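Using the sequences provided together with the hints, build the complete structure.
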Amino acid sequence: MITKELKKNPNFNLIVQEVIGKSSLQKKKIIKLLDSADKLYFQRAENFSFFFFKYLKKQKIKLNYAINAYLKLCADMMISQKYFLKYKKYPVDDEKKAYENVYNNFHEMKSYMIGLAVSQFLWSTHYAMYSFFIKKITQESSKVNNYLEVGPGHGLFLAQALEKLDKKTNFEIIDISKTSIKITKSIINLINKKKININYKKKNVFNIKKSKKFDFITMGEVLEHVAEPKKLLIKLKSLITKNGSIFVSTCVDCPSIDHIYHFKTVQEIEKMIKESGFVILDKKILPVEDKPMKEIIKNKITINYCAHIKKSNNEK
Amino acid sequence: MKNVDLIKKVSIEINKQLAKRDKIVVTKSFQIFGPNSRLDSLIIVNFFIALEEKVKSIYGKEINLLSGDFFEKGLKSKYTISDLEKDLKKKIRT
Chain A
1 MITKELKKNP NFNLIVQEVI GKSSLQKKKI IKLLDSADKL YFQRAENFSF FFFKYLKKQK
61 IKLNYAINAY LKLCADMMIS QKYFLKYKKY PVDDEKKAYE NVYNNFHEMK SYMIGLAVSQ
121 FLWSTHYAMY SFFIKKITQE SSKVNNYLEV GPGHGLFLAQ ALEKLDKKTN FEIIDISKTS
181 IKITKSIINL INKKKININY KKKNVFNIKK SKKFDFITMG EVLEHVAEPK KLLIKLKSLI
241 TKNGSIFVST CVDCPSIDHI YHFKTVQEIE KMIKESGFVI LDKKILPVED KPMKEIIKNK
301 ITINYCAHIK KSNNEK
Chain B
1 MKNVDLIKKV SIEINKQLAK RDKIVVTKSF QIFGPNSRLD SLIIVNFFIA LEEKVKSIYG
61 KEINLLSGDF FEKGLKSKYT ISDLEKDLKK KIRT
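Sequence lines, in order, name chains A and B.
Here this note's numbering is used: position 106 in the first sequence is 106, and no number is missing along the way.
Here this note's numbering is used: position 1 in the second sequence is 1, and no number is missing along the way.
The set of hints was computed from the structure by calculation and includes no laboratory data.
Among the clues, some could well be false.
Said to hold, decoys possible - Not the full set, but computed from the structure, chain A residues with beta-carbon under 7 Å of chain B:
1) A75
2) M78
3) Q81
4) K82
5) K86
Claimed, not checked - Below, a sample of chain B positions facing chain A; criterion: calculated Cβ distance under 7 Å:
6) M1
7) S29
8) G34
9) I49
10) A50
11) L66
12) F71
Everything numeric in this text was worked out from a predicted model, so none of it was measured.
Cβ coordinates follow ideal geometry from the N, Cα and C atoms, glycine included.
See below:
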């Protein structure tokens with residue numbers, strides 16, 4: 001069954017075969033994921049792979065580099081997990097260190113972004129968050145004139161926003177990493193069929209004027225990268241229109257080479273969201289292992305979390 | 001204590017968390033990583049943490065069995081109990 005579906009999708013098949021040929025640990029996880037995947041998953045994965053190969057070719061990046069970047073990401077995760085379980089804290093604890101080690105390091109950031117892009121289709125939780133985002137941006141599309149994305153990374157979420165939103169939409173894309181912006185731009189340039197004008201800026205979200213307002217904000221996996229995530233959420237609140245909404249994702253017990261803030265429970269995330277003046281419209285709680293929740297919590301296994309939120313009625 | 005005995009002691013502890021068919025069997029060819037391995041990443045992480053802690057309590061030495069360098073060679077094909085014994089020997093000695 002898996003082989004049949006994979007064969008129908010040659011570009012994605014090539015990525016899968018390369019990964020599972022190199023890592024037996026990944027093989028088991030990927031086969032499990034593919035086994036339960038639907039047709040839409042394969043369609044999206046093939047579409048991504050097609051443009052991904054175009055991107056690699058244009059950037060003169062060999063497939064082997066991309067596969068190793070993905071496997072390095074998986075290995076870094078395991079090493080960070082070991083550190084976390086052994087020392088009961090994340091391996092990195094300040095933003096400056098993460099900035100120097102990752103965001104400001106071109107080679108590290110390039111490998112990281114490419115690895116993360118592949119993970120979007122090879123990690124079930126990443127794919128589930130991606131699907132959740134597509135659903136939400138589609139639902140909200142008619143209301144969006146101004147779109148902001150904070151930390152676009154590999155650009156896959158932005159690509160979906162470009163597809164679902166009107167071409168007259170004003171797109172503002174910001175990141176503190178020049179490398180991240182560069183990678184996002186080079187990927188998006190290949191898929192921006194509507195030739196929509198996109199405003200990319202190397203900028204800290206805190207430097208956006210409060211007078212600017214957006215109807216939809218996407219901020220995927222940024223909260224855990226900052227020391228004070230609540231301040232960031234409050235800043236987003238000042239940038240969203242009255243009827244606007246935000247897609248936000250983060251994680252619990254998820255050590256990584258650049259995660260600073262340790263959310264210990266899902267309740268802690270939700271409390272912070274609510275205390276920052278938001279209501280949660282919809283959410284997904286996604287443990288990375290297929291085990292009972294009790295075991296997930298006890299063993300501090302990573303839980304991915306994403307939510308669609310809006311300003312609460314009490315807020316201006 | 002011989003390294004293989006150290007591995008056996010730690011395996012007994014880790015095996016308590018595992019289903020019968022997934023248990024670590026301390027033979028030279030048992031694959032920790034590899035096409036025939038039944039261990040998931042979490043079990044492997046816990047296994048290495050327990051081993052490192054055992055080494056620390058016996059030899060008073062901090063070792064790191066799961067590094068970037070390890071993944072370079074370890075994930076490509078397979079990594080067995082025999083490989084682990086060799087790595088332990090090297091890391092405890094240096």
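For each hint, the structure was consulted:
1. For A75(A), the interface hint holds, the least distance from its beta-carbon to any beta-carbon of chain B being 4 Å, beneath 7 Å.
2. Residue-level restraint check for M78(A) holds (minimum Cβ-Cβ distance to chain B is 6 Å; threshold 7 Å).
3. Among the interface hints, the one on Q81(A) holds; its C-beta lies about 5 Å from the nearest C-beta in chain B, closer than the 7 Å criterion.
4. The interface hint given for K82(A) is met, as the beta carbon of that residue sits about 5 Å from the closest beta carbon of chain B, less than 7 Å.
5. The closest approach between the C-beta of K86(A) and any C-beta of chain B is roughly 5 Å, which is under the 7 Å cut-off, so the hint is satisfied.
6. The interface hint given for M1(B) is broken, as the beta carbon of that residue sits about 21 Å from the closest beta carbon of chain A, more than 7 Å.
7. Violation of the interface hint for S29(B) is found here, the shortest Cβ-Cβ separation to chain A being roughly 15 Å, above the 7 Å cut-off.
8. The criterion of a C-beta within 7 Å of any C-beta in chain A is met by G34(B), whose closest approach is roughly 5 Å, and the hint holds.
9. Annotation: I49(B) was flagged as interfacial toward chain A, and the flag holds, the nearest CB pair being 5 Å apart, inside 7 Å.
10. Taken as an interface hint, A50(B) does not check out: its beta carbon lies about 10 Å from the nearest beta carbon of chain A, beyond 7 Å.
11. Because the smallest distance between the Cβ of L66(B) and any Cβ of chain A comes to about 5 Å, under 7 Å, the interface hint for this residue holds.
12. This hint holds: F71(B) has a C-beta 4 Å from the nearest C-beta of chain A, less than the 7 Å allowed.
Consistency note: the structure conflicts with the earlier hints numbered 6, 7 and 10.
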